[in-house]
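If you read the sequences in order, they're chains A and B. Positions 4 to 119 (my numbering) are the ones given, in order, by the first sequence. Positions 25 to 135 (my numbering) are the ones given, in order, by the second sequence.
The set of hints was computed from the structure by calculation and includes no laboratory data. Check the hints yourself; a few may be wrong.
Within a straight-line C-alpha distance of at most 30 Å, the following computed DSBU-like cross-link-like pairs (lysine-lysine) qualify [stated by the list, open to error]:
no. : chain 1 : residue 1 : chain 2 : residue 2
1   : B       : K66       : A       : K25
2   : A       : K39       : A       : K25
3   : A       : K55       : B       : K80
4   : B       : K80       : A       : K25
5   : B       : K94       : A       : K25
6   : A       : K55       : B       : K94
7   : B       : K91       : A       : K55
8   : A       : K22       : A       : K55
9   : B       : K91       : A       : K25
Just so you have them, the derived chain A footprint on chain B, three or more residues with Cβ under 8 Å [what the hints assert, rightly or not]:
no. : stretch
10  : 64–76
11  : 102–111
Beta carbons: idealized from backbone N, C-alpha and C, even for Gly.
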Amino acid sequence: ETGVTQTPRHLVMGMTNKKSLKCEQHLGHNAMYWYKQSAKKPLELMFVYNFKEQTENNSVPSRFSPECPNSSHLFLHLHTLQPEDSALYLCASSQAELAGGTDTQYFGPGTRLTVL
Amino acid sequence: QKEVEQDPGPLSVPEGAIVSLNCTYSNSAFQYFMWYRQYSRKGPELLMYTYSSGNKEDGRFTAQVDKSSKYISLFIRDSQPSDSATYLCAMSAGGNNRLAFGKGNQVVVIP
């Protein structure tokens with residue numbers, strides 16, 4: 004596997020289910036991100052991790068719970084979601100955030116989530 | 025006012041035409057500008073990366089940044105059906121990797 008991988012690629016869940024999304028990066032990066040992509044809306048940053056530490060939670064509801072056990076893996080645990088949470092969830096990675104500059108983010112293919 | 029404005033299209037052009045895409049922004053602190061290409065059922069991939077004002081060319085692609093007007097553009101020359109995708113602009117003030125994205129502009133190149 005190369006680059007950034009995400010599983011599952013598609014997920015359908017009920018509002019009472021609990022599921023998890025997985026992201027793995029094979030690029031040696033130390034920063035990882037979760038984004039939400041909805042139709043006709045800009046990408047929304049949800050969470051940022053640098054060296055396994057969460058450095059940003061962009062006012063995301065608690066029904067989304069991220070976990071970063073190491074610099075290569077990132078999870079998004081989902082529970083009691085709402086239909087409006089249906090979207091494409093994208094994971095990205097980059098070099099760790101440094102003062103000055105902006106490093107390129109590399110995206111995975113995303114998980115298409117449908118909440119019934 | 026939204027931080028980044030991008031007309032979502034769609035934009036349909038015949039093969040071989042020049043595709044012109046643009047974004048405007050409101051934050052004068054932005055100095056890193058990117059264009060991502062996203063094919064259907066795929067994640068975005070970086071296409072062009074520019075710093076501050078000026079032009080950058082890479083093959084059939086040219087990115088322009090006009091910071092005085094807070095306006096960036098992407099031109100695709102000799103467009104091909106394989107260029108059919110959604111193009112997202114993104115920008116950052118630097119200092120961290122926080123990107124502000126446009127909505128994306130869907131482009132269809134008709135053979």
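Outcome of the hint check:
Restraint check: the Cα-Cα separation between B:K66 and A:K25 comes to about 16 Å, which is no more than 30 Å; the hinted pair holds. Note on A:K39 and A:K25: the hinted pairing holds, with a Cα-Cα distance of about 14 Å set against a maximum of 30 Å. Note on A:K55 and B:K80: the hinted pairing is violated, with a Cα-Cα distance of about 35 Å set against a maximum of 30 Å. About 36 Å separates the Cα atoms of B:K80 and A:K25, which puts this hinted pair outside 30 Å; it is violated.
With a C-alpha separation of about 37 Å, the suggested pairing of B:K94 with A:K25 is violated against the 30 Å cut-off. Distance hint between A:K55 and B:K94 is unfulfilled; the C-alpha atoms sit about 35 Å from each other, more than 30 Å. Only pairs whose Cα atoms come within 30 Å are accepted, and B:K91 paired with A:K55 is rejected, the gap being roughly 35 Å. A C-alpha spacing of about 21 Å is found between A:K22 and A:K55, which places the hinted pair at or below 30 Å, so the restraint holds.
Restraint check for B:K91 and A:K25: not satisfied, since their Cα atoms lie roughly 38 Å apart, outside the 30 Å limit. Only residues whose beta carbon comes within less than 8 Å of a beta carbon in chain A count, and the stretch 64–76 of chain B has 7; three or more means the coverage holds. Only residues whose beta carbon comes within less than 8 Å of a beta carbon in chain A count, and the stretch 102–111 of chain B has 0; fewer than three means the coverage is violated.
Against the hints set out earlier in the document, violations occur for numbers 3, 4, 5, 6, 7, 9, 11.
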